Amino acid sequence: MSKPKPKVAFFEFTDCEGCQLQVANLGASLLELAKVVDIVNFREIMSEAGEEYDVLVVEGSVASKHDEERLKKIASKAKVIVAMGACATIGGVNNLKNLKPLAEQKKAVYGSVDPVPDAIETKSIDEVVHVDYYVHGCPIYGPEFLKVMECVLLGKPYNVPQYPVCVECKQNENVCAYEKGQFCLGPVTKAGCNSWLPNYGSVCVGCRGLIDNPAADAQKDILQKYGLTVEGILDKFTLYCNGKKERAKYGKESQK
Amino acid sequence: MKYAIINRMDMGRWFDSLKDRGKIYGPKKKESAYVFRPIQEFEEMSLKYIPTILPPKKYYFPQKEFLLKFKINPFSTGKAIREFEEFILFGVHTCDIAGIQCMDVVFNEKPADPNYLNRKEKMTIIGLECMDYCDKYASCAAVGTHVYKGGYDIMLTDLGDEYAIHINSEKGDKLVTGKKYIREMNAKDKEKLNKAFEEKLKKFNNEFDGDMERIDKAFEKGFFSPVWKDLGARCVGCTNCTAVCPTCYCFDVVDEVSLNLNDGDRYRVWNYCQMDDFAKVSTGEDFRAGRDARQRHRYYRKFKYSVQKYNKYFCTGCGRCTRTCMAKISLVETINQLLSGKEAK
Ligand code: SF4
Ligand code: SF4
Ligand code: SF4
Ligand code: SF4
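Note that the protein sequences, when read in sequence, are chains V and Y.
Counting along the first sequence from 1, when you hit position 79 you're at 79 in the working numbering, and nothing is skipped either side.
Counting along the second sequence from 1, when you hit position 243 you're at 243 in the working numbering, and nothing is skipped either side.
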């Protein structure tokens, strides 16, 4: 096997680096991966200038003009682009910034000084460049990241599950949160994490984003039936499912 | 010996005697619910239980089942599972046994499914008769699965101090013969069993507002009933109703290649008609785009299509779909609304 190994570069934008940590935590599987690819940029290790790579893995969302320009430049050098983690795929928690006008948010955070004059509304990276592969989640689910990398290396598409987390949750035979009087976003959230949180008795918080055709109205009905206030419901949906793409999915529902 | 008697006190040691026949799975408590799990000691089991979250189906049609192994270069394929293991399902309710009978019909249809048949061959079923309703969600009397009608090796009926044993196969016979503490049933025992059965029947009544003949008719003319629109609006599309059903047998086939990019596995995973893209085809059309059409499909698959195809209802009345539905969509209510022919609420 003398074929050169594909070069994979990791770059990060506005985020917490938790997803890269998940990759670093893959242990033995990461070593396996390192056998078939060359990791040429893992943030601190190398400078981005002059590096060449085939696969670009982007973590974090775009939150400033500088981010936007930098992403475009980095992306132009890559053959394949992978969005890794909720910030990159759907905007993630950074979307909370978009709930109010930028000026207002800045004032609340920084007061009278403005250390980030070029800040813009949060964008998922596919609002700036074309994305070939999505690894959803906050943080990403390690085994899914590996699955996606296999697909990247084989040149075949990775299909993000279009069914909700409940599918995995039931197959894992968890007692449903609703039985315990808890409120779970599993029914409207894309699967692929093997129902990570419900497996540990917690509820799904929707970090992987809404399924493409969420029964958001029916879900709100249910939450209300279980005694949650409208405000509480919106909060639940807002943490991760506030990006432009996510919002559009609700619109679809209400028109029907 | 076709009927036998075992003292309640001896159940533990009988259970121990089964251990060398294979792994034993039985009902166990999990938080507020029950699940089938591997059982080491008789006392671990909760024999008084309502239907488990997942039916015992997971042991003969697993959620994720490896079908074959392959190599890309040089290309080769091989069996994923060389040897299937003997196992015993202990304490299976009659509704779930009816579920197994449904799967038998499906997977025996040509081309027969070798994985299913291999597992089935290694399976021993020890049933447990319900002497009263598990809970208010059951509809087993309507479809007649509250009484035993074959499909098991041994059936246990709780008679208080003792259990009646019905032996229904050679496999079952081997599990009880030669045990000093298990005796043949005498006339007095038989009378006791019959009496208990009569008492039981008094508790079970058709849960639907009409007999199955009327239900057949209702499904015949109910395709455009407003009932389905109503379900479609309330259903959140979680798929749980199909995930927990003992007679749902749809699966998807997936190939996964390992990181060396040469060795891979092909496996199948459960797949449900309640999934959004289940009936979507490659050209983009979706034959059941709405949740109303998908819910209707689920009901027709249980009460009409299977009757046309296999002459069998594919609802065992276990009530799992109703129990699991967070939108509180109830099978009994839906059928009754369909029967009433009236506008749904
Ligand atoms: S706990 Fe959440 S993800 Fe699991 S079945 Fe219930 S609603 Fe779905
Ligand atoms: S349709 Fe519902 S009640 Fe009928 S067998 Fe399936 S889960 Fe049980
Ligand atoms: S549905 Fe009927 S047969 Fe099944 S557990 Fe309940 S009472 Fe028993
Ligand atoms: S369990 Fe209820 S909400 Fe979920 S798919 Fe089935 S009918 Fe819809």
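It is possible that part of the hints are untrue.
Taking lysine-lysine and the DSS-like style, the derived pairs with C-alpha atoms no more than 30 Å apart in a straight line are [stated by the list, open to error]:
hint	chain 1	residue 1	chain 2	residue 2
1	V	Lys180	Y	Lys312
2	V	Lys3	Y	Lys71
3	V	Lys180	Y	Lys30
4	Y	Lys71	V	Lys180
5	Y	Lys71	V	Lys5
6	Y	Lys136	V	Lys225
7	Y	Lys312	Y	Lys48
8	Y	Lys229	V	Lys245
Far from chain Y, some chain V residues (derived; all Cβ distances over 10 Å) [claimed, not checked]:
hint	residue
9	Glu32
10	Lys107
11	Ala108
12	Lys147
13	Ala248
No wet-lab data here; the hints were simulated from the structure.
Predicted model only: the values in this text are computed from it and were never measured.
All residues carry an ideal CB built from backbone N, CA and C; glycine is no exception.
Verification of the hints:
no. : hint                : result
1   : V:Lys180 - Y:Lys312 : violated (36 Å)
2   : V:Lys3 - Y:Lys71    : holds (19 Å)
3   : V:Lys180 - Y:Lys30  : holds (12 Å)
4   : Y:Lys71 - V:Lys180  : violated (46 Å)
5   : Y:Lys71 - V:Lys5    : holds (20 Å)
6   : Y:Lys136 - V:Lys225 : holds (21 Å)
7   : Y:Lys312 - Y:Lys48  : holds (28 Å)
8   : Y:Lys229 - V:Lys245 : holds (28 Å)
9   : Glu32               : violated (4 Å)
10  : Lys107              : holds (39 Å)
11  : Ala108              : holds (35 Å)
12  : Lys147              : violated (7 Å)
13  : Ala248              : holds (16 Å)
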